[in-house]
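Chain by chain, the residues run as shown.
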Amino acid sequence: MMTLDIHKIRQDFPVLDQRVNGSPLIYFDNAATTQKPSVVMEALSHYYKTDNANIHRGLHTLAERATAAYELTRTKIKEFIHAPSSDQIIFTAGTTGSINLVAQTFGRANFSKGDKILISNLEHHSNIVPWQMIAEEKGAIIEVIPVDDRGVLDLEAYRNLLDSRVKLVAVNHVSNAIGTINPIAEMIQLAHAHGAKVLIDGAQSIAHLDVDVQKLDIDFFAFSAHKLFGPTGLGVLYGKRELLDSMPPYQGGGEMIKEVSFEGTTYNELPYKFEAGTPNIADVIAFSAAIDYVNGFSKEALFQQELALLAYATEQLSVIPGLRIVGTAADKIAVISFVIDGLHPQDIGVLLDKFGIAIRTGHHCVQPLMKRYGLVGTCRASFAFYNTFEEIDLFVKALGRTINMLQ
Amino acid sequence: MAYSIQETQNELIEEFGLFDDWADKYEYLIDLGKKLPSLSEAFKTEENVIKGCQSRVWLHAEKQGDHLVFEADSEAVIVKGLISMLIRVLSNHTAEEIMKADLYFIDQIGMSQHLAQTRSNGLLSMVKQMKNYALAFSAK
Ligand SMILES: Cc1ncc(COP(=O)(O)O)c(C=O)c1O
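Residue numbers (the numbering used here), protein chains in the order written: chain W, 1 to 407; chain R, 1 to 140.
The shape of chain R in the complex, shown without the other chains (with noise of 0.2 Å):
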């Protein structure tokens, strides 16, 4: 039984749990983001790039049954580390339940800064891109 969007939240939030300074808790988001594998080079098109980050960022997304797929990549590892939370949060489920989450888990891990509105962070472009693409899906 797959988990639900929730419960890999709360799964994420226990891990965090577990470091009490942030140098441990980057470090694992770094590792994170150093394990998560690589795109594809024919899915790093200017197409699947994330406008408003730093660094670049490609998401690619596929339907497999009613399931949305996400994949993605950074040339930032902090960027990556968290892109690979947002995937082991969002991917493999409906779209509906993509465009429903709410990703309480950032914030509770310590990584809201991440979703300031400043330009160069990208964290919330790829939450609003994610949801974009689950919304084009259920559309279709």
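Excised from the complex, chain W in its bound form (with noise of 0.2 Å):
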């Protein structure tokens, strides 16, 4: 396994070396948003500084820059997850965007009254309110594949809930709140068997696994770029070309058009059919640079960096008295939640800033998940391959005088 210095990847990290209350920063809220290395924030003020310009219209010097710029990151994010071709790689402005996009076209144009929708109790509410939105307008069912108490899909009430009604899967390749690797790949099979569509999710697993939409036969990958060490505001809907071709637009305007007239317009092929208007172009240039940097590791061993973070922390971490670690599943990417009896997570999570430490705490915009286990939410510490084992030492300690002050 090739070693990692971390004391040299963490130099990249310009936001990581600050003292937050007076102690050194602790970034462990990862999966909310990762940081961005510095060649991200070059490449931003790069295109600013030098190519600014509106892409596709124009033919002068700095359009052609900026189109080309623009276009390649499209192709590089093909490579990452291994699409057939860059014209399914639709930009949208994040993991949300992704999702309202197929809820309002593929499900507009495919749910009838009474036809399911299955999503997992395990979902983000980016993954259920977009198709309880478009639910509720066509008369269609959203069933909900179960959790068990570690976490774990229960594969059995999946295969039950599987019907010729299902229309859509759409389940999360990893949990935000427990970190929760799904079998995606199994699933995704016996949706197909039953003549549904799946999709993916990806928002938690871009930046730690490796994701082949073909090999896994997806038919529908979000994700957002910042948890990818990518700029904010900006994701990718990746979809199979017959359902992308097949599925009608989704927001009217410049762009996105053949031709216009009042008559009637005509609409642009893939990808620029589903991408109306003058786009984020910038943050999709500098996308790039966060994709070159982590291709510049091998994700295995950024990963399993991770994993031995995990390892540790759940070591330290257990045996503190009347600690609780929510989600137990075997296959977890480094993301712990936990629960400490009689404290709210919200005092943990103010006064371990007060160390410099920051942890998301609340219900992570998964209710129902909460609701699951009877939580009103839970402390959430998520790590990336810059974190190191002396924080997870410092942040055991931190939580130590935390539970003294409280108790």
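In case anyone wonders, no lab produced these hints; they're calculated from the structure. Mixed in with the good hints, there may be bad ones.
Said to hold, decoys possible - As a list, the in silico BS3-like pairs of lysine-lysine whose alpha-carbon atoms are at most 27 Å apart: (1) W/K258 - W/K113; (2) W/K371 - W/K76; (3) W/K116 - W/K167; (4) W/K397 - R/K100; (5) R/K34 - R/K63; (6) R/K51 - R/K131; (7) R/K63 - R/K25; (8) R/K100 - R/K51; (9) W/K113 - W/K138; (10) R/K44 - W/K371; (11) W/K397 - R/K25; (12) R/K51 - W/K371.
With the hints as a guide, bring the two chains together.
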């Protein structure tokens, strides 16, 4: 295994080098958003300083440079997720944007009264609400794949829920709240066997797991750039060509048309059909640098580093009296959700911040999952490869002091 | 003679002035939170819940003579400590006094972070709600 020089890697992330409330920052909120390497900031400012132009429209030099850089990112994403072609990569505002796009186009065209949409009990609100909205409009029914006490989806129940009325299965690859890696390969096969399409919310897997949309036979894959060391407000939707082709457009406007007249409009081809208006050019271009950055490592080596952090933190936290880890699936990414008897997560989060430690507390946008476990919320520490074992030691120490202060 | 809103704020500023590190300050706050009597379950209604807090916070207001009396509770003890201070400052004053109150003590005791507009934080909504009650009572 290639060993990573974490000290050197940390220098690539300038934000990590600061003190918060008098202590060195410990950033354990990577599931909310990852930090950005300098190369991403540099690409962003380079674009604005030297290449800024609107894309696809102008034929002047700057427009050509900007267009080429923008389209290069698309190609890199295609390679990153092993898509067959870059015109199946659609830029959106984020995972949320991608899911809404599918709900409002694929959903609008394909759901009818009594059809079923299967989601899971692990879903983020972003992968619940868009389906509720279209289901209500179309009279479709949402059914939920249950989750067991460990945070593992009940595949037996899933099999039983699958029937010919299921039009779409929308599940996350990895749970943001508790880190479970779902067996999507098997779930996709089962769905396809019943004629259902599958949308995978890859927000939490994209930075950690290798995703091959073709091998996995994924119909739709959604993720956010900001969780892959890239800029905020940018996302990707991958879709199978025949699906994207058959879907009606989403938003109307410039870029997405072929010809407009007052009598009628013809739509542009993929991917532009789904990219109305001037897109988030600068962030798309800067995202390229994030992908290059990650590609500079072995993804497996990065993930092994994170798993080592997870194992160490799990072991350290488990000995704290009254602490219970929520989400104990065997297959997890480096996310630890926990609760402590008698203490409110918010109090823990406020005090840890005083120690310069950033974790997330609350319901993590998965209220139905919190309800399933009878919790108001949890504390969640989520690691990235730039985190260290020393940081975990400091975190555990600060948590001990926090508990003392609160009890 | 009851204290004015300003006097109570100055008193709090003085109390917090005794602490020179954040941990002492928060321990005091936690202590205040623990000492604040729980709100009776009858008042922990959906109506009394303050929106916009990561922990549930309930606020109950009652008119006693020409004064407004607040009682409140939260699941989180630090929030409860903050509430306890707000009650100490604002409760038992006239609607007009409450509406006019400039709550400078929060900043001066180094707790302005809790007024930040993050969605997880309820202090701002709490102050707003107290002032709304004052407005509603004065309009009656
Ligand atoms: C599993 C999952 N799905 C969807 C989202 C929404 O992502 P975004 O807010 O970037 O659209 C998140 C982000 O927290 C997530 O973790």
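Hint by hint, here is what the structure shows:
Proposed proximity of W/K258 and W/K113 is contradicted: the alpha carbons are some 33 Å apart, above 27 Å. Among the hinted pairs, W/K371 with W/K76 is inconsistent with the structure: their alpha-carbon atoms are about 40 Å apart, more than 27 Å. About 6 Å separates the Cα atoms of W/K116 and W/K167, which keeps this hinted pair within 27 Å; it holds. For the suggested pair W/K397 and R/K100, the alpha carbons sit about 44 Å apart, so the restraint of at most 27 Å is broken.
For a cut-off of 27 Å, the pair hint linking R/K34 to R/K63 stands: about 25 Å separates their Cα positions. At most 27 Å may separate the alpha-carbon atoms for a hinted pair to count; R/K51 and R/K131 meet this at roughly 15 Å. Distance restraint check for R/K63 and R/K25: the Cα-Cα separation of roughly 32 Å exceeds the 27 Å cut-off, and the hinted pair is therefore not satisfied. With a C-alpha separation of about 23 Å, the suggested pair R/K100 and R/K51 falls inside the 27 Å cut-off, and the hint holds.
Simply put, W/K113 and W/K138 have alpha-carbon atoms about 6 Å apart, close enough for the 27 Å limit, and the pair holds. Restraint check for R/K44 and W/K371: the C-alpha separation of about 20 Å stays at or below 27 Å, so the hint holds. For a cut-off of 27 Å, the pair hint linking W/K397 to R/K25 stands: about 20 Å separates their Cα positions. For a cut-off of 27 Å, the pair hint linking R/K51 to W/K371 stands: about 19 Å separates their Cα positions.
Checked against the numbered hints above, the structure violates hints 1, 2, 4, 7; every other hint is satisfied.
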